[in-house]
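There are 2 protein chains.
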Amino acid sequence: MTTPVSNLRINGDRLWDSLMEMAEIGPGIAGGNNRQTLTDEDAVGRALFQKWCEEAGCTMGLDQMGTMFARREGTDPDALPVYVGSHLDTQPTGGKYDGVLGVLGGLEILRTLNDMGIKTKHPIVATNWTNEEGTRFAPAMLASGVFGGVHTQEWAYAREDVEGKKFGDELARIGWRGDEEVGARKMHAFFELHIEQGPILEIEGKDIGVVTHGQGLSWTEITITGKDSHTGSTPMPMRKNAGLGMARILEAVEQIALSHAPHAVGAAGHIDIYPNSRNVIPGKAVFTVDFRSPDLQVIKDMENKLREVASAIVGQMGLGITFEKVGGFDPVEFDETCVTAVRNAAERMGYSHMNLISGAGHDACWINGVAPTAMVMCPCVGGLSHNEAEDISKEWATAGADVLMQAVVETAEIVE
Amino acid sequence: MTTPVSNLRINGDRLWDSLMEMAEIGPGIAGGNNRQTLTDEDAVGRALFQKWCEEAGCTMGLDQMGTMFARREGTDPDALPVYVGSHLDTQPTGGKYDGVLGVLGGLEILRTLNDMGIKTKHPIVATNWTNEEGTRFAPAMLASGVFGGVHTQEWAYAREDVEGKKFGDELARIGWRGDEEVGARKMHAFFELHIEQGPILEIEGKDIGVVTHGQGLSWTEITITGKDSHTGSTPMPMRKNAGLGMARILEAVEQIALSHAPHAVGAAGHIDIYPNSRNVIPGKAVFTVDFRSPDLQVIKDMENKLREVASAIVGQMGLGITFEKVGGFDPVEFDETCVTAVRNAAERMGYSHMNLISGAGHDACWINGVAPTAMVMCPCVGGLSHNEAEDISKEWATAGADVLMQAVVETAEIVE
Numbered sequence: 110m111t112t113p114v115s116n117l118r119i120n121g122d123r124l125w126d127s128l129m130e131m132a133e134i135g136p137g138i139a140g141g142n143n144r145q146t147l148t149d150e151d152a153v154g155r156a157l158f159q160k161w162c163e164e165a166g167c168t169m170g171l172d173q174m175g176t177m178f179a180r181r182e183g184t185d186p187d188a189l190p191v192y193v194g195s196h197l198d199t200q201p202t203g204g205k206y207d208g209v210l211g212v213l214g215g216l217e218i219l220r221t222l223n224d225m226g227i228k229t230k231h232p233i234v235a236t237n238w239t240n241e242e243g244t245r246f247a248p249a250m251l252a253s254g255v256f257g258g259v260h261t262q263e264w265a266y267a268r269e270d271v272e273g274k275k276f277g278d279e280l281a282r283i284g285w286r287g288d289e290e291v292g293a294r295k296m297h298a299f300f301e302l303h304i305e306q307g308p309i310l311e312i313e314g315k316d317i318g319v320v321t322h323g324q325g326l327s328w329t330e331i332t333i334t335g336k337d338s339h340t341g342s343t344p345m346p347m348r349k350n351a352g353l354g355m356a357r358i359l360e361a362v363e364q365i366a367l368s369h370a371p372h373a374v375g376a377a378g379h380i381d382i383y384p385n386s387r388n389v390i391p392g393k394a395v396f397t398v399d400f401r402s403p404d405l406q407v408i409k410d411m412e413n414k415l416r417e418v419a420s421a422i423v424g425q426m427g428l429g430i431t432f433e434k435v436g437g438f439d440p441v442e443f444d445e446t447c448v449t450a451v452r453n454a455a456e457r458m459g460y461s462h463m464n465l466i467s468g469a470g471h472d473a474c475w476i477n478g479v480a481p482t483a484m485v486m487c488p489c490v491g492g493l494s495h496n497e498a499e500d501i502s503k504e505w506a507t508a509g510a511d512v513l514m515q516a517v518v519e520t521a522e523i524v525e
Numbered sequence: 110m111t112t113p114v115s116n117l118r119i120n121g122d123r124l125w126d127s128l129m130e131m132a133e134i135g136p137g138i139a140g141g142n143n144r145q146t147l148t149d150e151d152a153v154g155r156a157l158f159q160k161w162c163e164e165a166g167c168t169m170g171l172d173q174m175g176t177m178f179a180r181r182e183g184t185d186p187d188a189l190p191v192y193v194g195s196h197l198d199t200q201p202t203g204g205k206y207d208g209v210l211g212v213l214g215g216l217e218i219l220r221t222l223n224d225m226g227i228k229t230k231h232p233i234v235a236t237n238w239t240n241e242e243g244t245r246f247a248p249a250m251l252a253s254g255v256f257g258g259v260h261t262q263e264w265a266y267a268r269e270d271v272e273g274k275k276f277g278d279e280l281a282r283i284g285w286r287g288d289e290e291v292g293a294r295k296m297h298a299f300f301e302l303h304i305e306q307g308p309i310l311e312i313e314g315k316d317i318g319v320v321t322h323g324q325g326l327s328w329t330e331i332t333i334t335g336k337d338s339h340t341g342s343t344p345m346p347m348r349k350n351a352g353l354g355m356a357r358i359l360e361a362v363e364q365i366a367l368s369h370a371p372h373a374v375g376a377a378g379h380i381d382i383y384p385n386s387r388n389v390i391p392g393k394a395v396f397t398v399d400f401r402s403p404d405l406q407v408i409k410d411m412e413n414k415l416r417e418v419a420s421a422i423v424g425q426m427g428l429g430i431t432f433e434k435v436g437g438f439d440p441v442e443f444d445e446t447c448v449t450a451v452r453n454a455a456e457r458m459g460y461s462h463m464n465l466i467s468g469a470g471h472d473a474c475w476i477n478g479v480a481p482t483a484m485v486m487c488p489c490v491g492g493l494s495h496n497e498a499e500d501i502s503k504e505w506a507t508a509g510a511d512v513l514m515q516a517v518v519e520t521a522e523i524v525e
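So the protein lines, in turn, are chains A and B. Take 110 as the starting number for the first sequence in my numbering and just add one per residue. Take 110 as the starting number for the second sequence in my numbering and just add one per residue.
None of these hints come from the bench; they were simulated from the model. Among these hints, one or two may not hold up.
Said to hold, decoys possible - Dumping the calculated BS3-like pairs for lysine-lysine here, alpha-carbon to alpha-carbon at most 27 Å:
id, chain 1, residue 1, chain 2, residue 2
1, A, Lys-409, A, Lys-434
2, A, Lys-295, A, Lys-274
3, B, Lys-434, B, Lys-393
4, A, Lys-295, A, Lys-228
5, B, Lys-160, B, Lys-228
6, B, Lys-393, A, Lys-393
7, B, Lys-393, A, Lys-434
8, B, Lys-434, A, Lys-393
Keep in mind that this is a model prediction, so the values were computed, not measured.
Here chain A stands alone, though its shape is the one from the complex (with noise of 0.2 Å):
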């Protein structure tokens, strides 16, 4: 490989107009966007991708899943392409940010290329992955997931919204279902430049974060039984209140995930209480605990204390509890080369930078299954994302982008 010299840096004003260009479309109701996946807007999102690809001299790859592919030859017929993207479409009150800026990130690879004249033995290709939020057609990263095999087309076609609309029948609808096979291109490497959707990078000041991993997932749904009781005419000693056992759960739930630090973490974010009326005492409690951890097996630890200890606590309540694991993945851990290309340039471009853990899940840790991967991180203001107000600078979006670019042009090999 040939190093890319450190002044081969992106337009950081292009690459911010269009961000706000993209965020036209789609807009939501506090000045983020509501640009769903398979929405009459996004099909609007990924016109204007596919013309700035087409402007660019790129031609578009479309596969059966609506995954954009976006073209730019390179010199060796022979060798595979590097891949570069994210998504665009956004939670329903989502920001402006969230995977956009790595899909633009990726076309501005591309226009900068152009601009120079640089030519790369691998094609680059930037990509727009259908459907990563999830949110209208769960679970998230759908599109992706077919693509790294983790699930089938055909049970992600049969996805529903809560209308009943199949994700096949709206990503026909939409025009946007193309012909390719679903995880038939062969990848050089994958990158994906994304904001971090936390609040370290911006905490510890710094402009980069070098992604090492992928934190592992479980989800575990707790359904606790008690009895139904008015809360004035029920002793003490003779209720069995589910929603204080869940309380307990709780606290149980955060001292397990930090005796796991510092990477654990362990939250309940679903909490529904039965029958919810003030004056019934709660005859059953269903709340879904998160665990996350970049080591497996403190996934597995924290889970079967999380069953011991609830079983424990639910026991001398005289309470009923079931245990039902309704999500997870196993974490990741992304190439070493390729977290090394991003790791040097950010050294070589002078951007502060540290090693992070991604805590959400992206399309780049589906793709880590098939492809050397690695993933680039950037601030956003209080860590805060999946809202309308999040935000980042244009320099810190700038700063990615330059790191993205030097990690994918070291990759593609640029030809002298």
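Given chain A's structure and the hints, the job is docking chain B onto it.
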């Protein structure tokens, strides 16, 4: 007063048949009843009660809140009536006995006195209070509250159901808005028979609860504000987990109530978490703490302790908190003479009995403010109420109505 002879007993089979016939109106989906206040079903139930009362030779009064007063004359034109009753309206998924037993128990007294040709000095008035449940039009005990001067009639008329229909309009629509001024009636005494809605009598193996007090109630709605953030990408020390803050306060609520044993109780039946998504740390938790005690000072102590402890908990966690008192009433001490009449009746008739504190609110709690009042309770299976599976035995109903009759008749004074 003349003490009634102990073999003056009601007709348990007739009472039970009437309970079963009333339960055919507004059947539930699971064997109970859905005869909510001011629905068409309520009107049908009222008409049946009126027919039965008229067949028993009573004259029916109807006040502007729709409360029904079936009067059996006394021998002394100047003697104030003894009132007896409860409510015919049910929860949306209610049982066949909550309220209904007290109304039809009152009717059964009149029928029995007719059977026996017994005259009383004081008239006896069997009463059906409108909207005790408060599920359709909050708050509960609405008509008795207006009667007792707790609410104005204008305010009561303006209460709206979830469809925006007003109490006053619905009362007129079903044809049960009377002309009589609410609260104009003066009472010699009021007695209410009710199922316990708690487990104590059944567990203690007692036929009769002699209700000495009604618990006071305090509802504090607590809002905890943290910060919505990603469950994966937010390190544990940087979290502002409103759900965890709530969990710790729920434990404190339990401890505060237990520290005021044996009569104080505390729980949260209402809990809402925002945004309630599996992968978002809760940024907000809203829940209502229900404290009850027969001692006003204990309620105030528990409220104060809650604010102190909860503030300390969230302070340590960097969370925000607000407290809003959203409901409450002071403890009730029932009239000593009336309570003694109930206890003596149980004793005289050979029913096992114990003193009880009513944990739930009842019409009797408001009427106690304007007339000497007492309550009789009978067991219910498993303490279950506000549930279609609510159940009692014919023997329990008979014992309760027997004791009710003896107390009412002693107070109304048999004319030899």
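Against the structure, the hints:
Between Lys-409 of chain A and Lys-434 of chain A the alpha-carbon distance is near 12 Å, which keeps this suggested pair within the 27 Å criterion. Pair hint Lys-295 of chain A plus Lys-274 of chain A does not hold up; C-alpha atoms about 32 Å apart against a cutoff of 27 Å. Between the alpha carbons of Lys-434 of chain B and Lys-393 of chain B the distance comes to roughly 18 Å, so the proposed pair stays at or under 27 Å and holds. Straight-line distance between C-alpha atoms of Lys-295 of chain A and Lys-228 of chain A comes to about 21 Å, which keeps the hinted pair within the 27 Å bound.
For the suggested pair Lys-160 of chain B and Lys-228 of chain B, the alpha carbons sit about 22 Å apart, so the restraint of at most 27 Å is met. At roughly 21 Å between alpha-carbon atoms, Lys-393 of chain B and Lys-393 of chain A fall within 27 Å of each other, so this suggested pair holds. A C-alpha spacing of about 25 Å is found between Lys-393 of chain B and Lys-434 of chain A, which places the hinted pair at or below 27 Å, so the restraint holds. For the hint pairing Lys-434 of chain B with Lys-393 of chain A, the CA-to-CA distance comes to about 25 Å; that is within 27 Å, so the pair holds.
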